[in-house]
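A.B. asks: Spelled out, the chains give:
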Amino acid sequence: MISREVAWRVFAGEYNSSNLEIKGEGERAPSYIVTPLGAMINRVFLVGVLTDLDNIGTGEEPLWRARLSDPTGTFYVSSGQYQPEATATLSKIEPPAFIAVVGKTRTYSPEEGTVYVSIRPEKVTIVDAGIRDYWVLETCRSTLKRIAAMADAKDMAVPTVDELVKLGHTRVLAEGVVKACEHYKDVDLGRYRAMVVDALRYLLPEYRRDQETEMPREMATNPEELEEEEEAKEVDREEQVLALIAVLDKNGKGAPWDQIVDEVKRLGLDKTALEEVTNSLLDKGMIYEPVLGRMKRI
Amino acid sequence: MEKLELAPHVSEIARVLGNKIDEKDIEKELDTYLNLYRVSLETAKRSVVRKLGGDPNALAMGVRKLIAELSGTEMSVDLLVKVLTVNHKDIEQNGETKKILYGLMADEGGSIAYTAWDAERFQLERGKVYLIRNAYTKEWNSQPQLSLSTRATIEPQPDDSMKLPEGMDVPSYGPTNATMVELKEGMNNVTITGKVISVEGRKLETPNGPKQVFSGIMADASGKVQFSAWHDFGLKSGDAIIIRGAYVRSWRGIPQLNFGERAGVERTKTSFGSDQELSKPKLRSIGELESIGGAVDVLVRGVVVDIKKGSGLIFRCPQCKRLVQKGLCRIHGKVDGQPDLRIKAVVDDGMAALTAVLNKDITEMLVGITLAESLREAKEAMNPEVVEEKIKDRMLGKPIEVRGNVTSDEYGLMMIVTEAELKVPEVRSEAASLLSELEGTQ
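Residue numbers (the numbering used here), protein chains in the order written: chain A, 1 to 298; chain B, 299 to 740.
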């Protein structure tokens, strides 16, 4: 049976740490990138924020470079004349935007021993925040499966595919994990668990705040804790400003700066304080300036 | 080829010739074939053996492989195997009756179906270990199959020279208890309990005269399956039954439960709940469906990662409904094509993928465009592909839930969709439970 290469769900943090490529032998044999957690990837499905987009080619021979960020890092996507469908779609998108990409893995070795990975898109499409969140959750699940397989492999003196399959892992994953163990030696699973935890928190901002308010206020006497309290207040302000920007953005072109300044006075914020808040929001990638003098939510 | 490299081949030829010929002579012959006439090593060895009066088939010239490594294209292969089953069969060949053997063989890594085309020559016994030389493989139903023809030889080996992993060893011929969800292509002697949801009798013309077959749908709590009873057990819809001695074979790409005269069918008091509950489609992963080879009326979740060519506005032949391309039907030539809408979407869940085929009604509902509107838009744009573009915009990258029958063929799994919904599953509650699980372990 000719089965289609499955589209793996993988975070940038895991994908970009890969430097093992398995080249297919013979004509048309697929190549794979093996990640440190043992995903043997030929095709990927990603959803993230398109943050930068440049045509480093020419009008006739375009070569679009795109950065796509997820909660753990940045995917590098490049699309040229041999990806006409994806290139045509990309060229019409204005960053920032939530996009979904189905693509093939690529490697680039500027010198012996270093391998950089990127994505060559097959399909590009604009999506919304809900789909991005669902992708993050799916990718968390998929990453956790690989972490579990890798943890089982680490418990074995010599991990084998059959033993891993016996423990309930799929054969494809077991094969990748055995290869990853040989190549990456001792993989730091703690790092990947922390990555998943961060990504889950990213989906649950209110969960994060709940934890902060649980902290007993009267106990907050040492400077560090006071600082945390300050931070909590700032988060509140950011939320308020963010909500305001959304409300004032009446025509989809962004909220006019003057109106924001007027409105925040009611919240007891002056212009300098407002600038602090908006700068922080800009840094976090939660808003951007589509044109000078207007702010828009991402 | 240097002398040193020739040595193992020389000694092998000497062995085949019963060590009656001086190795020096063999080496000289082999060297001539290889280095003067430059034929392949395989040909050279066979020629030398033949020239010196031996049987070239006794050469271990096939490459020793494991069953798991077989591709279905080996011209000559050597295997060390344990015979799991032996069945006898008579076939007609050139007007003569010939006895052949077929069954299953296994080694440490897997098992394979075999056919030995001469029951006299290959006296295989169940449970015995053999070294097989010069067999060949062919692909059958996308699985490699092993054939032993007149070129092949078998050498019995000590029984303990092969230890098979647990569960793979010679089957004990006991019945297998299964639920509907566990039924897989090729299963035999299955015992299963279920409720008949629907049944219908029809007459078949067979070479042995007309025969009645009773087909329908059976279900248990795990899922549904199509069945065919090749004997009148008086089945009625609503019957709860235990079947003993059933077998599973694919029919039109879907594994189907079969039971004939020799099977035992008993009524049981087991309660299966309402038909409505039983008839609901069950959610299955695409990987699971791939391993069982298809299923009746299931639900699948994934993301649309591709819209295949031939999606959107298409034209069909008014006579045979086949696709009309450039105004031509493959069968009926130039025809006036009838417009239709359909989508062939690749649904991928991160572990496996299937092609979902959506008809006009579902396409209209999902994409929010009617056939009449698509025709108008295509006319305005002077390009029928505008509809395909619209479908891509609407569906690519989106999570989808599809329901239908899943079949498999050499191109993979395909679902004929009866219901489809683009929906983003709720993420928060699952994210929260995953998070608390992870933080609990840290």
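Just so you know, these hints were derived from the structure itself, not from any lab. Treat the hints with care, since some could be wrong.
Only part of the chain B face toward chain A is listed, based on derived beta-carbon distances under 8 Å [claimed, not checked]:
#1 Gly484
#2 Met485
#3 Asp595
#4 Leu597
#5 Val603
#6 Lys696
#7 Pro697
#8 Gly710
#9 Met712
#10 Ile714
#11 Leu720
#12 Arg726
#13 Leu732
#14 Gly738
A virtual CB, placed ideally from N, CA and C, is assigned to each residue, including glycine.
A.B. asks: Check each numbered hint from earlier against the structure, then list the numbers of those it violates in ascending order.
C.D. replies: Hints 1, 2, 3, 4, 9, 10, 11 and 14 not satisfied by this model.
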